[in-house]
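Q: With chain W held as given, fit chain L onto it using these hints.
Note that the protein sequences, when read in sequence, are chains W and L.
For the first sequence, position 82 (counting from the first letter as 1) is numbered 82 according to the working numbering, and the numbering increases by one without interruption.
For the second sequence, position 112 (counting from the first letter as 1) is numbered 112 according to the working numbering, and the numbering increases by one without interruption.
Treat the hints as calculated values from the structure; they're not laboratory data.
As the structure is a computational prediction, the values presented were derived from the model and not from experiment.
Note that CB positions come from ideal geometry on N, CA and C, so glycine has one too.
There is no bait here: all hints are sound.
BS3-like mimics (lysine-lysine), calculated; alpha carbons at most 30 Å apart, straight line:
hint: 1; chain 1: W; residue 1: Lys29; chain 2: L; residue 2: Lys103
hint: 2; chain 1: L; residue 1: Lys103; chain 2: W; residue 2: Lys23
hint: 3; chain 1: L; residue 1: Lys105; chain 2: W; residue 2: Lys27
hint: 4; chain 1: L; residue 1: Lys103; chain 2: L; residue 2: Lys50
hint: 5; chain 1: W; residue 1: Lys22; chain 2: L; residue 2: Lys105
hint: 6; chain 1: W; residue 1: Lys26; chain 2: L; residue 2: Lys103
hint: 7; chain 1: L; residue 1: Lys103; chain 2: W; residue 2: Lys22
hint: 8; chain 1: W; residue 1: Lys27; chain 2: L; residue 2: Lys50
hint: 9; chain 1: W; residue 1: Lys27; chain 2: L; residue 2: Lys103
hint: 10; chain 1: W; residue 1: Lys26; chain 2: L; residue 2: Lys45
hint: 11; chain 1: W; residue 1: Lys29; chain 2: L; residue 2: Lys105
hint: 12; chain 1: L; residue 1: Lys45; chain 2: W; residue 2: Lys23
hint: 13; chain 1: L; residue 1: Lys105; chain 2: W; residue 2: Lys26
hint: 14; chain 1: W; residue 1: Lys27; chain 2: L; residue 2: Lys43
These stretches of chain W come out as covered by chain L in the derived footprint (C-beta under 8 Å, 3 or more residues):
hint: 15; region: 33-39
hint: 16; region: 54-63
hint: 17; region: 66-76
hint: 18; region: 103-117
Label-pair restraints from in silico Cβ distances:
hint: 19; chain 1: W; residue 1: Leu120; chain 2: L; residue 2: Lys43; range: 41 to 47 Å
hint: 20; chain 1: L; residue 1: Thr100; chain 2: W; residue 2: Gln4; range: 22 to 28 Å
hint: 21; chain 1: L; residue 1: Glu104; chain 2: W; residue 2: Pro60; range: 43 to 49 Å
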Amino acid sequence: MIWQIYLVLAVLFMGFNSFIVKKLVKKVKPNVVMLYQFMLATPLVASYNLLTGGELIFNPLLLLLGFGYFCSLTLFYVSLVKGSLTRAGPIWTLNLLISAILGFIILHEPLNLNIALGLLFGVVSVYLLR
Amino acid sequence: MFLQGILVFIVKLLSSSFNPLLLLFMQYAGGLIGVIIYVLVKKFKLTISKHELFLALLSGFLVSTGLSFYYIAIRMAPVSLVSPLQSVGIMLMQGILGFTILKEKVTLKTILGFISAILCIIFLTI
Numbered sequence: 001m002i003w004q005i006y007l008v009l010a011v012l013f014m015g016f017n018s019f020i021v022k023k024l025v026k027k028v029k030p031n032v033v034m035l036y037q038f039m040l041a042t043p044l045v046a047s048y049n050l051l052t053g054g055e056l057i058f059n060p061l062l063l064l065l066g067f068g069y070f071c072s073l074t075l076f077y078v079s080l081v082k083g084s085l086t087r088a089g090p091i092w093t094l095n096l097l098i099s100a101i102l103g104f105i106i107l108h109e110p111l112n113l114n115i116a117l118g119l120l121f122g123v124v125s126v127y128l129l130r
Numbered sequence: 001m002f003l004q005g006i007l008v009f010i011v012k013l014l015s016s017s018f019n020p021l022l023l024l025f026m027q028y029a030g031g032l033i034g035v036i037i038y039v040l041v042k043k044f045k046l047t048i049s050k051h052e053l054f055l056a057l058l059s060g061f062l063v064s065t066g067l068s069f070y071y072i073a074i075r076m077a078p079v080s081l082v083s084p085l086q087s088v089g090i091m092l093m094q095g096i097l098g099f100t101i102l103k104e105k106v107t108l109k110t111i112l113g114f115i116s117a118i119l120c121i122i123f124l125t126i
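In isolation and in its complexed conformation, chain W is listed as follows (with noise of 0.2 Å):
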């Protein structure tokens, strides 16, 4: 039951979140709240991980994993750029799919009837509520 109480406490920050983000990016460049937002957060989650026992051990294939979120995120904002919000981000949250198929792939991740139903109201719903 413990990582349904992670996620749901994750649902509830990312959600108010995306909500600031939207009202803010009116304004301001994606990036440049970017930025902000990565000032802040790295030094906090690097609290994070010493609070919690854990080590800061720099690794620079790690950093590549940054490399990547910013890349994602920097193409998403384009796409809002280029297209709209209404098609762009719905298209985003279908990377649900891309790493639910790789968990069933790659890690062999369980794949049963409730969980291809729960896939698919869960692709219903982003074109739904688009």
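A: The following block gives chain L in isolation, referenced to the frame of chain W:
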């Protein structure tokens, strides 16, 4: 979309060997380097109002804390459950905040969308 989906999957793969908060820290550190270079190359104007700065920093707090919880959840459970639940959950929250705070219109399509999202959550968690 593909890149983001692959990144989430890579986090799942690495979370068995690395602390998820360390992964997130390195992700933000790498992202910060990337965005600094990008903003400098593009010569974006960095001065913003105090209100906008407050919102940007608040957003930084919310997204980093939210992602911290998310990465811990990814380590504990299958990514094929956590990732869709997170995406749909955020969409639901956006919709709820939209019509409670912004008084956005609720249409039949929106209601059906909410029902689909709730069904998605039910089927993925039973």
